[in-house]
Amino acid sequence: MASVDTIAARPDLQGPAGAMKETWPEWFDRHSRHIFIWPAVLMILVFAIFPTIASVIIALSRIRFAGGGFQVRFVGLQNFARQFVGNDQIHFLGRFNQMSALGWIVSLAVTAAMVWWFVKFFKGGFNLVGFLGRVITAGMIIGLTLMFSGTLLSGNAWGTLGTTLFYVFVGCSLQFLIGLGLAFLCSMPIRGKSFFRVVFFIPLMITPLGVGYAFRMIADTNKGPIQPFWKWVGLENFSWAADPWAARIFIIVGDSWQWIPFIFVVMLAALESIPRDHVEAANVDGASSWQIFREITWPQVIPIAATVMLIRVIEAFKIVDLPNIMTSGGPGIATESMTLHAVFAWRANDLGQSAAVAYLLLFVTVVICASFFNYVVLKQLRKS
Amino acid sequence: MSFRKMMACALMVGASMFGAAASAGAGEYDGVTVRIMTRPGKVIAQRLIDRGVEFTAATGAKVEVAEVPFAELFQKIQTDWSTGTNSVDVGVFAAGWAIELAGAGLLEDMTPYVAKDTKLDEADIAPYFRAFQKIGGKNMLLMVDGDFQMVYYRKDVLEANGLQPPKTWDDYLAVAKAIHGKDMNGDGEADYGSCIFKKRNAQSYFAIQTVAAGAVQTQGTTQGFHFDPDTMKPMVNNEAWKAAFELYKETGKYGPPEELNFDIGDTRGLFKAGRCGLLIEWGDPGPMQIEEDAAAIKGKLFAVSALGWNKVLDRATGKLVPVTKENAPYSIDGVNYAPFAAFGGWAGAINAKSDPKTKEAAYAFLSYMNQAAQSNVDVTIGWTGYNAYRNSQLDNPDLWIKAGFPADLAENYLGAVKGALNNPNMASDFTLPGAQQYSGVVLDTELARYLAGEITVDEALANIEAGWEQITEDFGRDKQIEFYKLSLGVSNK
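Residue numbers (the numbering used here), protein chains in the order written: chain C, 1 to 384; chain D, 1001 to 1493.
Chain C on its own, in the form it takes in the complex (with noise of 0.2 Å):
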């Protein structure tokens, strides 16, 4: 390639105006780094950014499918604040009739130990991101505190906010204990060790659909194919699918059994990454399991296991296949997703609503996800 001073001694290769003539070569490696960048980002433009501006376009409008398009019609916030108050409300948020005794006493509890939080926080010293991030999450959790104590707390039903919480925080913390429980296992020297962990994973190969209509076939109490084995426990006239808690426990029994094998696998991989000196050590100084796994194995393990949860719980926000397969969001809504909110809103052609669920949905998953992060994740990272 021919140097400026080159160039610059040799007329033919200068313009006019004594600018340099640039051959194809030399322009394409100057410009090099946009000609590589821009496809990636012209991506991204059209399949990330611009459906979220889209769909916040379509968040904040009353949409009609006319002939020849639709007509759009702005309506501001409307879509989102029908979700906190007037006949919507109890759809996305819960009935609230009255607060509990035990409802009030939860949330002043909450409320105080964010205060505490707060006061811990000045103490360490004041930064302006730090002071956002925490108000952002006291906001979330004692707004969510609220919503607990009024429904559920006060013996009010709640709504599709409440269910996909419940999933999300029962749901990760079962499959969590038993995919770590099963691991444990199979990291010990046991005999059909490598059967284990093929049995144990098959489930997550399984499409959630499968899943959903073998778990509604299953239980069916009368006359699903374990039919006789609810008939001899005496379950047989029970109906589990009419039943609100009980549908939803098994909508949290189909989705552990498909997902405790991520745990699993991803837990598996983490104990036996731990050098086995250090247990070997421990055993020669006479420490018990219990000890060994309070303090050595687990300290090692959590940095792992806080991705590993943080994964999940993302995954865990989008639940829609079992709830939709297995009872269709009922008995009632009882079921019902927020996910599977958006997609009947959706359904019914009212996309502003079905938009503003879905960016509900998001606000809730980021908050908590950043938050578990920031205050989880990272400081179990920073220790290890």
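If you are wondering where the hints come from, they were derived from the structure by calculation, not from laboratory data.
Computed footprint of chain D on chain C, listed as stretches where at least three residues anywhere in the stretch have a Cβ under 8 Å from a Cβ of chain D:
id	segment
1	60-66
2	83-93
3	232-244
From a predicted model like this one, the values you see are computed outputs, not experimental measurements.
Every residue gets a Cβ at the ideal spot worked out from N, C-alpha and C, and that includes glycine.
With the hints as your guide, set chain D onto chain C.
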């Protein structure tokens, strides 16, 4: 299917293909493909596929049937046609949904095709269903089915227990209670007094309207039972609908444990196995009971066109008052009946944006489905999902006896169907823009929540009222008043 019936079908197919079938001639539509979208499964879709094969042999036009879930059918057709995707030429859906599509200019006006069609015999279509085919005086639809809900009872079970068929909804509860837990199919197990599909996002919202109609509508079809026709104010938050909701929930005490999660296919499986004493259904159980897999109930499932109420709504006060000849002129022996034209029937509509040759072939196919030569066979076969809508079907018991009906069942079945069709107080389903949202979304959701015990009946009715008002405001109240009156046959012009 019996050998005799198979032969009859084969003969009909042969006749269709070589003569009386399509208006079009052989090879006329070579190279044309008619793409149809409808609900999934054997019901409705399978007969379109079967008849499509015959139509292809007769005319050369290929018929493709795409099946989508019932709850997504309207939305898929509407978005396909309004956004210009136009991957569908014919939608086969609820007749009541067409008005919204026609209002948006998405439907082909079939009037010129009908005028030239010598084989359709439009006059043979019962007046109620003939009216469904027209919107603003133009033929926008062709029916392939005629629908309204009736109440069925097991004649043998009621007789064995010394019970009379129910006349009122209170009787329904009393009979269901009396027979609940009895063995109705001889398998030694307890069966159910009542079977109603109550699953959310399915078709539960039709049955609640069947129950409520007789308590709300007293002055004939033009009165309506969903809204005040002059203001479009919902007529739902009152004692009549409340009584209907409460009764509907109470039927669950005498039904299968999983009734809240039962779709229509589930209840059909149960009653065909002889496990239901009473049920609310469309016309299908009549012919379904003569199918091979329904041996337990063959000739035993009788129908009544509607059950009534001996108290009706006083619209001025929102209270229930005893039936008199003054407040319910069509009442009989102190009971007000209002058979509900649930769904109206499956009908075909043509995409206005399809190319002319395809539209022509599409019409020829819908006409072929509708013509007596085909439909008089199809309506007598239970699994097709097609119910009687032509006079030549309703006035001809021999047609049904030949299909395998015992004579007394044929008489009862046709009597019940005609009793509903001829009732001057027949209640219309939603046939206005937003029809699917009023019933399939708002009514369905709040009903499901009430049945699940999440909300009280008063909350459910208040939510429905607010939800319906929101839809009316969204579409424009004045326009909705106009459409609603049109759907009831009320005209100010």
